[in-house]
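As you go down the protein sequences, you meet chains A and B in turn.
If you're matching positions, the first sequence starts at 0 in numbering that gives the first Met the number 0 and goes up one per residue.
If you're matching positions, the second sequence starts at 0 in numbering that gives the first Met the number 0 and goes up one per residue.
Among these hints, one or two may not hold up.
[Claimed, not checked] Computed Cβ-Cβ distance ranges for the label pairs, DEER-style: (1) B:ALA329 x A:LEU315: 30 to 38 Å; (2) A:GLU383 x B:THR376: 51 to 59 Å; (3) B:GLU337 x A:GLY356: 39 to 47 Å; (4) B:ALA329 x A:LEU42: 47 to 55 Å; (5) B:LYS216 x A:GLU65: 47 to 55 Å; (6) B:LYS235 x A:GLY365: 57 to 65 Å; (7) A:LEU315 x B:ALA111: 23 to 31 Å; (8) B:GLU33 x A:GLY91: 29 to 37 Å; (9) A:ALA111 x B:LYS216: 50 to 58 Å; (10) A:PRO49 x B:LYS235: 49 to 57 Å; (11) A:GLU326 x B:ASP48: 35 to 43 Å; (12) B:ASN391 x A:GLY368: 55 to 63 Å.
The set of hints was computed from the structure by calculation and includes no laboratory data.
All residues carry an ideal CB built from backbone N, CA and C; glycine is no exception.
There are 2 protein chains.
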Amino acid sequence: MIKIAVMGYGTIGSGVVEVLETNRDSIAKRVGEEVEVKYVLDLRDFPGDPIEKKIVHDYKEIAADEEVKIVVETMGGVEPAFTFVKTMLEAGKSVTTSNKALVAEKGAELIAIAKEKKANFMFEASVGGGIPIIRSINACLTADKIEEITGILNGTTNYMLTKMSNEGSEFDDVLKDAQAKGYAEKDPTADVEGYDACRKIAILTSLVAGQQVDFEKIHTEGITKVSAVDFKYAKKMGKSIKLLATSKKTGDSYSAMVAPHLLAPEHPLYNVNDVFNAVFVHGNVLGDAMFYGSGAGKLPTASAVVADVVDMAKHLGKNIPVEWSTEELALEDYKNTEKQFFVRTSVDEAAVKEVFGDVTFVKADGVAGETGFVTGTMSEADYEEKAAKLGNVLQMIRLA
Amino acid sequence: MIKIAVMGYGTIGSGVVEVLETNRDSIAKRVGEEVEVKYVLDLRDFPGDPIEKKIVHDYKEIAADEEVKIVVETMGGVEPAFTFVKTMLEAGKSVTTSNKALVAEKGAELIAIAKEKKANFMFEASVGGGIPIIRSINACLTADKIEEITGILNGTTNYMLTKMSNEGSEFDDVLKDAQAKGYAEKDPTADVEGYDACRKIAILTSLVAGQQVDFEKIHTEGITKVSAVDFKYAKKMGKSIKLLATSKKTGDSYSAMVAPHLLAPEHPLYNVNDVFNAVFVHGNVLGDAMFYGSGAGKLPTASAVVADVVDMAKHLGKNIPVEWSTEELALEDYKNTEKQFFVRTSVDEAAVKEVFGDVTFVKADGVAGETGFVTGTMSEADYEEKAAKLGNVLQMIRLA
Chain A
0 MIKIAVMGYG TIGSGVVEVL ETNRDSIAKR VGEEVEVKYV LDLRDFPGDP IEKKIVHDYK
60 EIAADEEVKI VVETMGGVEP AFTFVKTMLE AGKSVTTSNK ALVAEKGAEL IAIAKEKKAN
120 FMFEASVGGG IPIIRSINAC LTADKIEEIT GILNGTTNYM LTKMSNEGSE FDDVLKDAQA
180 KGYAEKDPTA DVEGYDACRK IAILTSLVAG QQVDFEKIHT EGITKVSAVD FKYAKKMGKS
240 IKLLATSKKT GDSYSAMVAP HLLAPEHPLY NVNDVFNAVF VHGNVLGDAM FYGSGAGKLP
300 TASAVVADVV DMAKHLGKNI PVEWSTEELA LEDYKNTEKQ FFVRTSVDEA AVKEVFGDVT
360 FVKADGVAGE TGFVTGTMSE ADYEEKAAKL GNVLQMIRLA
Chain B
0 MIKIAVMGYG TIGSGVVEVL ETNRDSIAKR VGEEVEVKYV LDLRDFPGDP IEKKIVHDYK
60 EIAADEEVKI VVETMGGVEP AFTFVKTMLE AGKSVTTSNK ALVAEKGAEL IAIAKEKKAN
120 FMFEASVGGG IPIIRSINAC LTADKIEEIT GILNGTTNYM LTKMSNEGSE FDDVLKDAQA
180 KGYAEKDPTA DVEGYDACRK IAILTSLVAG QQVDFEKIHT EGITKVSAVD FKYAKKMGKS
240 IKLLATSKKT GDSYSAMVAP HLLAPEHPLY NVNDVFNAVF VHGNVLGDAM FYGSGAGKLP
300 TASAVVADVV DMAKHLGKNI PVEWSTEELA LEDYKNTEKQ FFVRTSVDEA AVKEVFGDVT
360 FVKADGVAGE TGFVTGTMSE ADYEEKAAKL GNVLQMIRLA
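One chain only, chain A, in its complex shape (with noise of 0.2 Å):
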């Protein structure tokens, strides 16, 4: 019998004790021994739920307890979580975690800790929900340089991208829908401004590359500009509008950034709808990959966090290596990368060709009074200086 804690009985540390439970057998085949729960770790009492007598309010009790082996942390924010984390793995237990910000900005740094206490930091659910990307990169796709990783990382923005597209709605009513259903939260800022998407892109990059990067360095925008009217001009390109979070292989090191892109119907992230998150790779031998599935929700990111918990279960005493360094990556500058843009503007075709030359009009069905056109392949900074150039620039979406 292997006894683990929880912290946090929120969405998904309920969820993982609810899954514990549901597949107790199965899981209970896999590791070799029943898996129990022994401490559930929370600010809240929940009386008369069958956790109470396992609730505990501190988590000093969790580390003091030799026989807890496995700690699952749900509770999210860099600060507590840190602190117990550090802790729970000083005192070397194996830890997993969901919580995508404090992998960001302590993976490295706890990786190391659990390296020097022969036990594991799992981030499994902190990226792709129930989608096993992490797994994939540190023990899949081991033949492969992994030479650009490309996600639909965020479920809400993804359900109110696919909402506007299917019903040709505006931003601030697809927000309020989102909100209605609990899929986006009241302060919806970290999702639709491309926080949330950009630390998971950082997680994965680091992972790639062996070394920590630094998110608060990566090029973000949301996708509050996005409005029905570039809708109309993807239906008529025949592409859709997706919020991509993207790292590629540039020479020594790699080029991130988290911005609304146009797909067309044979990228394998075109049709990644509703809640849904995808991530695509691309490996140096694989070629072209694709994973897919439930970016969030309970139980699917619970089914993550218990993956990590069977490995863990399965590897007690012994750890298994990743390499993520705390030495700082240098991102390349996104400002060097090339592709095309999808620009609208209020001057007319003859000013827009005098400044880009070559371009592709597009002109949107019931859209009037203004220019649409797709640039030719261009660097981003050749971009922005002729987007000043041009002026009056309505919108800019950038060509996966």
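Fit chain B to the known structure of chain A by using the hints.
Just chain B, lined up with the frame of chain A:
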């Protein structure tokens, strides 16, 4: 330095040697030491090839060399591959294979020998080429009970169906094109009759159920009867036609089948085109997930083989348990499973209604002299009975 041998220097075998060379550094970093090919077993000599001096013709030479810890089998076919692989495992070496025929027929037996010898028998490349589907089932989705696994597992037929859909062409014409392009073999039976996909779904079902599945007992229909007219109906319904290999949990067993299916745009496999493969998985807590990538080809397949080599190199002398017993799984009779059927018949709508009751009629553009309709949900047995009563059935394709 870890010494390995490659048995079979064809497309995949030479790809394995190439991947080990191309990614030598990153692989050494993953493993903790360098991986070197000591022998290549082949009937041929390859004079002038850099591999020339490593060529051996007798597998016993490899088996007798204690320095060789890992053997790659990329010969194909059950014999002599089985004899060779068994000998290597009995000599205490770990073996990885890309050979689905061998795995489908002898998987359980070889896994048992590996376990007894504290070695490993792995076969990531036998299903889905570069897609890490075996490792996902064995090592990633470990918190779940997998309730359904449905794949597009044959790239040749997917290429052909995609071309038929795009160009409105007939089976015979796209087969010739696929043969000319090297996607289909001179004798295309194994692909177009579904036998290849059948072996692959047998392997996946065995892993999910933990018991041996006899692939000969899986109901298998190929794509030879799919016509240009069928695609006209599919277009009218907004669906795609794909050869699906599917396995669903039914009580204590599984129901497995290989057959062409009509897929709605919402289906995660709807948009998987050309030679790509994809596997849809439904877990009881994970919900829906999908894995997509190159299902064949020299380097993607070699990528999967080498990922096995890396995993085995990290676990020398230690068996990683795989649940797949030699006890045969009694599959549920597919005739008991329920679904909807699309049917084309030469009788009129009134006659259809008399036998099938409430159906949805479909009229395809440019098709005359026949009646197309979609039935309500019913068992295969029920459908067969009604179809026999109706008579004059020109085509039947199941809805996914």
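Taking the hints in turn, this is what the structure says about them:
In this structure, ALA329 (chain B) and LEU315 (chain A) meet the distance hint of 30 to 38 Å, their C-beta atoms being roughly 37 Å apart. A hinted range of 51 to 59 Å holds for the C-beta pair GLU383 (chain A) and THR376 (chain B), which are about 56 Å apart. Separation of GLU337 (chain B) from GLY356 (chain A) is about 60 Å and departs from the stated range, judged on CB atoms against 39 to 47 Å. For the pair ALA329 (chain B) and LEU42 (chain A), the beta carbons lie near 52 Å from each other, so the given range of 47 to 55 Å is met.
The hint said 47 to 55 Å for the Cβ distance between LYS216 (chain B) and GLU65 (chain A), and at roughly 51 Å that hint holds. The supplied range of 57 to 65 Å is broken by LYS235 (chain B) and GLY365 (chain A), whose beta-carbon atoms lie about 28 Å from each other. At about 26 Å, the CB distance of LEU315 (chain A) to ALA111 (chain B) agrees with the hint of 23 to 31 Å. A beta carbon spacing of about 33 Å between GLU33 (chain B) and GLY91 (chain A) agrees with the range 29 to 37 Å that was offered as a hint.
For the pair ALA111 (chain A) and LYS216 (chain B), the supplied restraint of 50 to 58 Å holds, since their beta-carbon distance comes to about 52 Å. Taken as a hint, the range 49 to 57 Å holds for the pair PRO49 (chain A) and LYS235 (chain B), whose Cβ atoms sit roughly 53 Å apart. For the pair GLU326 (chain A) and ASP48 (chain B), the beta carbons lie near 41 Å from each other, so the given range of 35 to 43 Å is met. At roughly 59 Å, the beta-carbon separation of ASN391 (chain B) and GLY368 (chain A) lies within the given 55 to 63 Å, and the hint holds.
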